[in-house]
Amino acid sequence: MSMPTLTSSPPTAPPRRTGPGPSPSPRRARRPRAGLGSRTAVNGVLLLMSFYMLMPVTWLLLAATKDNGDLFGRPGFLLGDFNLFANLADLFAYHDGVFGRWLANSALYSVVGSAASTLLCLAAGYAFDKYAFAGREKLYGFVLLGLLVPSTVISLPIYLLASKAGLIDTYWAVLIPALANPFGVYLSRVFSDGYVPAETLEAARMDGAGELRIFFSIALPMMRPAFMTVFLFSFTGSWNNFFLPLVMLNDHQLYPVGLGLFTWNANLSQYPEQYALLVTGSLVSVLPLVLAFVCLQRYWRSGLTAGAVK
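169 is the number that full-length UniProt numbering gives to position 169 of the sequence shown; each next residue is one higher, with no gaps.
Take the hints with a grain of salt, since some may be wrong.
[What the hints assert, rightly or not] Quick list of the computed label-pair ranges, beta carbon to beta carbon: (1) Q270 with L54: 31 to 37 Å; (2) L78 with G146: 44 to 50 Å; (3) L54 with P272: 24 to 30 Å.
[As the list claims (entries may be wrong)] Only pairs whose alpha carbons sit at most 16 Å apart, straight line, appear in this in silico EDC-like list of lysine to aspartate or glutamate: (4) K130 with D70; (5) K130 with E202; (6) K130 with E211; (7) K130 with E199.
In case anyone wonders, no lab produced these hints; they're calculated from the structure. From the three backbone atoms N, C-alpha and C, an ideal C-beta is built for every residue, glycine too.
All chains should be built: construct the whole structure from the sequences, respecting the hints.
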């Protein structure tokens with residue numbers, strides 16, 4: 001008696017293409033897309049934050065078009081009789097043009113002081129990165145400790161030192177303390193590590209170039225984004241600096257624009273005609289910061305991401 005055998009059906013061949021169309025491909029898994037609700041929520045939060053940050057500037061711009069009567073007689077977010085140009089003329093003519101002097105002082109403190117501070121920071125960061133010397137990391141850590149000390153804490157010791165040196169009521173009393181910028185040193189070292197290759201410096205030394213020439217002719221051009229980034233941060237801090245000039249300066253001819261507007265605000269009860277001048281002066285004092293960020297924002301963005309990718 002013969003045993004039954006199990007027969008398996010022959011494997012089916014894959015279907016052949018019958019037309020000129022492309023061959024069928026397996027369906028790929030689709031990546032999950034972000035929901036419409038989450039994107040709407042994120043954009044809504046960003047819109048609210050933008051509105052919150054721009055609302056004071058918008059009010060300032062609208063208030064600068066009003067005279068003293070319109071400032072108190074009309075709602076804050078309504079245009080006035082467009083007295084902006086008249087307010088600007090009165091602003092720069094008030095007290096023999098003292099506001100223009102304050103703007104020039106702020107430009108001196110911010111531009112000259114920030115340029116010198118930035119160059120010093122780049123040199124220090126370059127030295128900490130490229131030179132090996134005893135106690136380098138300890139000294140670098142000591143410099144970074146300055147980030148933990150608020151500027152108001154050291155204002156009194158700086159005032160005592162400036163008093164001993166006879167620098168009170170001079171430009172140097174504000175310019176010299178602004179040279180110290182621990183964050184600028186940190187950022188400069190990060191840029192030096194990422195933008196200045198050591199092989200280029202070694203090749204320059206083999207060609208007989210000195211260290212100063214290497215720094216100014218090779219390293220400094222490579223660190224141009226670092227210069228603009230540190231300069232922007234230093235410029236913003238110097239332009240908004242208030243407490244140090246308040247401590248160091250007594251002569252109103254040496255005031256920066258922020259301290260000068262503060263003195264006008266303190267005297268509003270005695271000189272109510274300064275309301276429109278104060279609002280217009282506040283608007284003018286904001287414009288240099290806006291222009292600086294608009295012109296240098298690409299360097300600022302590159303500075304924030306420096307060292308993020310290696």
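Okay, the hints, checked on the actual structure:
Between Q270 and L54 the beta carbon distance is about 33 Å. The supplied range of 31 to 37 Å therefore holds. A beta carbon spacing of about 47 Å between L78 and G146 agrees with the range 44 to 50 Å that was offered as a hint. Checking the proposed 24 to 30 Å range against L54 and P272 shows it holds: the Cβ atoms sit about 29 Å from each other. A distance of roughly 61 Å separates the Cα atoms of K130 and D70; the hinted pair therefore is violated under the 16 Å criterion.
The suggested pairing of K130 with E202 holds, with an alpha-carbon distance near 11 Å, which does not exceed 16 Å. Taking the CA atoms of K130 and E211, the gap is about 11 Å. The hint holds against a cut of 16 Å. At most 16 Å may separate the alpha-carbon atoms for a hinted pair to count; K130 and E199 meet this at roughly 11 Å.
The structure is inconsistent with hint 4 alone, although it conforms to all the rest.
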